[in-house]
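Modelling step: build the complete structure from the supplied sequences, incorporating the hints.
Spelled out, the chains give:
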Amino acid sequence: MSREGVGASILRKEDVRFLHGRGRYVGDIRPAGMLEVAFLRSPVAHARLIGVGKPEGAEGRVFTIADLEGVGAIRAASALPGFRASGQSVLASGKLRHVGEAIAACVAPSRAAAEDLAAACALDYEELPAIADMLSAREPGAALIHDHWPDNAFLETSREEDLSGLDGIAAAKVTRRLRTARQCMVPMEGRGVLAEWDPRLEQLVVTTSTQQPHVIRTGLSETLGLDEGSIRVVAPDVGGGFGYKAILLPEEIVCAHLAIRLGRPVRWIEDRLEHLTASANCREHHYVVTAWADREGRLLGVELDATVDSGAYSSYPFSACLESAQVGSIFPGPYTLPRFRYRTVSACTNKPPILPYRGVARTGVCYAMETTLDALARELGMTPAAIRLANLVPPEAMPYRNLVGKVFDSGDYPEALRRAVAHFDLERLAQRQAEGECVGFGLATFCEQGAHGTSVYHGWGIPFVPGYEQAMARFSPDGVLEIRTGLHSHGQGMETTLAQVAHEILGVPVARVRVVHGDTALTPYSTGTWGSRGAVMGGGAVAEACRLLGERALAIGAFLLQAEPGQVELSGGAVRRRDGGATVTLDEIARTWYRRPQNLPRDVDTSGLEVTGGYRPDPDTGTHSYACHAVIARIDQDTGEVVLEDYVVVEDGGKLLNPMIVDGQVLGGIAQGIGTALYEEMPFDAAGQPLAGTLADYLVPGATEVPGIRIDHMETPSPWTRFGQKGLGESGAIGPPAAIVNAINDALHRFGAEVFDLPASPERVLAALEEARRGR
Amino acid sequence: MKPAPFTYSRPADWGAAVALLQSGARPVAGGQSIGPMLNLRVVQPDAVADLRHLPGFGGVALSGGLCRIGAGTTHAAIEDDAVPGRLGEILAGVARRIAYRPVRNRGTIGGSLAHADPAADWVAVLPAFRGSAVALGPGGERRIALADFVMGLMETALRPDEVLRAIELPTLPAETRWGHWKFCRKPGEFSKATACVLAVPGEVPRAVLAALDEAPLVISDASALLAAPEAEAARIANAVPGLSPWRAALARTALKRAAAMVLETA
Chain A
1 MSREGVGASI
11 LRKEDVRFLH
21 GRGRYVGDIR
31 PAGMLEVAFL
41 RSPVAHARLI
51 GVGKPEGAEG
61 RVFTIADLEG
71 VGAIRAASAL
81 PGFRASGQSV
91 LASGKLRHVG
101 EAIAACVAPS
111 RAAAEDLAAA
121 CALDYEELPA
131 IADMLSAREP
141 GAALIHDHWP
151 DNAFLETSRE
161 EDLSGLDGIA
171 AAKVTRRLRT
181 ARQCMVPMEG
191 RGVLAEWDPR
201 LEQLVVTTST
211 QQPHVIRTGL
221 SETLGLDEGS
231 IRVVAPDVGG
241 GFGYKAILLP
251 EEIVCAHLAI
261 RLGRPVRWIE
271 DRLEHLTASA
281 NCREHHYVVT
291 AWADREGRLL
301 GVELDATVDS
311 GAYSSYPFSA
321 CLESAQVGSI
331 FPGPYTLPRF
341 RYRTVSACTN
351 KPPILPYRGV
361 ARTGVCYAME
371 TTLDALAREL
381 GMTPAAIRLA
391 NLVPPEAMPY
401 RNLVGKVFDS
411 GDYPEALRRA
421 VAHFDLERLA
431 QRQAEGECVG
441 FGLATFCEQG
451 AHGTSVYHGW
461 GIPFVPGYEQ
471 AMARFSPDGV
481 LEIRTGLHSH
491 GQGMETTLAQ
501 VAHEILGVPV
511 ARVRVVHGDT
521 ALTPYSTGTW
531 GSRGAVMGGG
541 AVAEACRLLG
551 ERALAIGAFL
561 LQAEPGQVEL
571 SGGAVRRRDG
581 GATVTLDEIA
591 RTWYRRPQNL
601 PRDVDTSGLE
611 VTGGYRPDPD
621 TGTHSYACHA
631 VIARIDQDTG
641 EVVLEDYVVV
651 EDGGKLLNPM
661 IVDGQVLGGI
671 AQGIGTALYE
681 EMPFDAAGQP
691 LAGTLADYLV
701 PGATEVPGIR
711 IDHMETPSPW
721 TRFGQKGLGE
731 SGAIGPPAAI
741 VNAINDALHR
751 FGAEVFDLPA
761 SPERVLAALE
771 EARRGR
Chain B
1 MKPAPFTYSR
11 PADWGAAVAL
21 LQSGARPVAG
31 GQSIGPMLNL
41 RVVQPDAVAD
51 LRHLPGFGGV
61 ALSGGLCRIG
71 AGTTHAAIED
81 DAVPGRLGEI
91 LAGVARRIAY
101 RPVRNRGTIG
111 GSLAHADPAA
121 DWVAVLPAFR
131 GSAVALGPGG
141 ERRIALADFV
151 MGLMETALRP
161 DEVLRAIELP
171 TLPAETRWGH
181 WKFCRKPGEF
191 SKATACVLAV
201 PGEVPRAVLA
211 ALDEAPLVIS
221 DASALLAAPE
231 AEAARIANAV
241 PGLSPWRAAL
251 ARTALKRAAA
261 MVLETA
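Those protein sequences? They're chains A and B, same order as listed. Going by my numbering, the residue at position 516 of the first sequence is 516; the numbering climbs one at a time, nothing skipped. Going by my numbering, the residue at position 117 of the second sequence is 117; the numbering climbs one at a time, nothing skipped.
Keep in mind the hints are simulated off the structure, nothing from the lab. Yeah, the Cβ is synthetic: ideal placement off N, Cα and C, and Gly gets one too. Any given hint could turn out to be false.
Quick list of simulated restraints, FRET-style, between CB atoms [to be verified]:
hint, chain 1, residue 1, chain 2, residue 2, range
1, A, 704, B, 263, 51 to 59 angstroms
2, A, 167, B, 264, 50 to 58 angstroms
3, B, 244, A, 687, 16 to 24 angstroms
4, B, 16, A, 704, 36 to 44 angstroms
5, A, 395, B, 35, 55 to 63 angstroms
6, A, 395, B, 263, 32 to 40 angstroms
7, A, 511, B, 106, 39 to 47 angstroms
8, A, 610, B, 106, 53 to 61 angstroms
9, A, 432, B, 214, 37 to 45 angstroms
Stretches of chain A that chain B covers, calculated by requiring three or more beta carbons in the stretch to come under 8 angstroms of a beta carbon on chain B [to be verified]:
hint, region
10, 106–117
11, 695–708
Some chain A residues close to chain B (C-beta under 8 angstroms, calculated; not the full set) [said to hold, decoys possible]:
hint, residue
12, 272
13, 273
14, 569
15, 639
16, 751
17, 762
18, 763
19, 766
20, 767
Okay, here's the thing in structure tokens:
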């Protein structure tokens, strides 16, 4: 391993600009003549829209859907059988379907003046009964959100299997009803878009806070009726994505249309109120799980009934069913489940459309599976570790295909569990419990499919299917290596890790590698950064582009060294004779190509020192990183507050490109997972009104709420990827709710109590304790 | 999240400030509560009077066993020991736990008290002291006992044309015992229950239970609470109308733990 190549924990190149406040976000860009937009948004969850009264004298500065000639609706269909597509008008048309839905765009020289315009609009609507809960959405007689649908469901999926014999042979059977809360993703930077028309290039330039600039370009092209060549999408620095920015926004389309129409730059910046009240859009699941096990704790079968609250519309590009359609296939987790029956529903409700938040469906699924396993263990009198060891896929079975067809590439799942448990003094814990302390130990084991590609996504038939990932590599005349990627880095540290990959192949110092991303005009097409794919896909593509570039350089270098190509090799940023003779640096080779072409060999590859390399793992069904989270939680019996005393993660992400960056990813994910477990919840009242309007009501864990976390890495290479790396960007956010609630229930069950719903807030924990006290 | 239009003025002296209030202007000090409320358009005053530049708005003065704290004194100044002696220690301990430092740098003791959010720290703590709020109106200054100052949710004994000028508290002997406990899951969150107990040697101990969505409950004789914290805390908390079981449990816990702090230092 080189000092700064693959596997080196070098400091992040991009942090120089971030730590000095020199990052440049959409909100930092203010072209001359810019207009700001404030949206008039729906105050109600469900209504028939009768009309919008524009303020007198401001008719030309307020735009409703009737004013947006030629703008198409957002349509994110899935090819899955039975999927019902919802057309989403970019500004409300006919009906209002969730609080915060954009109705009119109000344009003014300042945001405050634009908000004044929005406040002065008159809104006429006739309220309809709101569907505020995913379970009541499908009750007979429920109001229909999309009038032409037979009921409020985007999609149902199921898998049949006969489980009737299990009652007779199982040593234990448990059923749990579980709920996860609706959350906001709360990135530091909200969404934002600035649209301008460039008359010289005859091009619409949309600068937007997105994870997927190329996909947004396609979406804008389809809705605006412009060819893709007439659109350039720029994603500058982006202050956190998490899936929140993997969407084509109605606001992007409206701003783009207005910029062309008004001939002025037009900007909208989401504020925190809009984020909380108009965009609480993730994580809300409901499960009924029944599981059977034998005396040794081996799972005999599981029956699952899962509902995902998918909100009012199907978002582009991931659609309304990304979560629910995955729940069934990922539920078996890292276990050798022999029998499985499921039914899943994507319920349509009067809430913001669901988006895939870091971890996507896995956080809820892991919660359901892991808490059910612990309930079984308690029933059988086993430890949480023992019941998992009885069911985890053993290392000798790798690669392993489970009963729903998922293929796990590599790893030693039981070892991760054993290592996690070994970090704790559980005898001491048992002693504290025996002394009456309300304290418990919890585990969660899970795997994370990442970087899954064509073979997985083509079946879904959503607006894009990821294919080969490409990267461009080129030398500048002075030998600086420029890497261009269609991925976007917004916290993942890719400007560093991809430079490390390039260094690994070509030996160019990381300081002399520039990673360019976030601009459709400068980078090759990519579906962008999502699904824990950056390291695998970007790493593979950059390695391939650099390999090809290296071959070109090698041929020139051999000529300059007066050697045959077979007599030279590339190492340490230079071409050198294998016999130990002379060397010529890559800088010198670049200089020769660009500035001294008279010195090139006659048969030189005329394409020069600029190449595009493509990559896709084979098979591309996805890598499976895996982890075991283990935690000790103490409960204050007076207040219900949960204190995390210790938290350990054993994580296997295959070969780590930069272990320090991986640690950062894991820690950040865990902070979000702690939010899901203990803090974050957007409550809605029966009328569909979101009830937390500020960050004093919607609690996000901060530095003081996250305990010290110990990370222990295993590195089992994936046999399918370029360096053996696996996707693990979401992993940290998957395990915490399961591990933490298992620890809480390990403490509570000694007092006859158990919690089922997330977050395990002090109020819920205390209610569980109170109920147990009353029951006794 | 931008405020509706309003006129902004910065009175140069206290007379001008009172005149502005008489004309209906909304006073603003540190702006840590009113600022977000303006931005959320929860309040839309026609005029705002910025008091921060008034002479003597902040600052602490001692005279004859009385400590006068200018209404514009920031939480940060109090945290950093602007108030001397045992009283100062107690107040610094309260100030240190108000939200986080950037809020404390701007937020003021008088602004917080006059805003009268039931969950606010000074609203919860100051009624424990036998001091007064100094109000300035067209007719001059008048004093209002701190225990009577906050009358309900965002409702105080100030008249519409009065501005809170200072808070006067008696200095405390070094042996004064103090307990203060509040339930916040994270810094900056509104308290869900706050209690404090003040035991000054030779005086009847006092306690306050606050963050009840209404005016704080002042317990002018907390002897029973100190004698039997568990039972008395439960009795007091259970008597508060309208609390959910969880909030009642927090109120009980707050009183019990504040009392325990006093007893531990006995």
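Hint check:
no., hint, result
1, 704/A / 263/B: 51 to 59 angstroms, "28 angstroms, violated"
2, 167/A / 264/B: 50 to 58 angstroms, "56 angstroms, holds"
3, 244/B / 687/A: 16 to 24 angstroms, "21 angstroms, holds"
4, 16/B / 704/A: 36 to 44 angstroms, "43 angstroms, holds"
5, 395/A / 35/B: 55 to 63 angstroms, "58 angstroms, holds"
6, 395/A / 263/B: 32 to 40 angstroms, "58 angstroms, violated"
7, 511/A / 106/B: 39 to 47 angstroms, "42 angstroms, holds"
8, 610/A / 106/B: 53 to 61 angstroms, "54 angstroms, holds"
9, 432/A / 214/B: 37 to 45 angstroms, "40 angstroms, holds"
10, 106–117, "holds (count 5)"
11, 695–708, "holds (count 7)"
12, 272, "7 angstroms, holds"
13, 273, "5 angstroms, holds"
14, 569, "57 angstroms, violated"
15, 639, "6 angstroms, holds"
16, 751, "15 angstroms, violated"
17, 762, "7 angstroms, holds"
18, 763, "4 angstroms, holds"
19, 766, "5 angstroms, holds"
20, 767, "7 angstroms, holds"
Of the numbered hints given earlier, the model fails hints 1, 6, 14, 16; all others are met.
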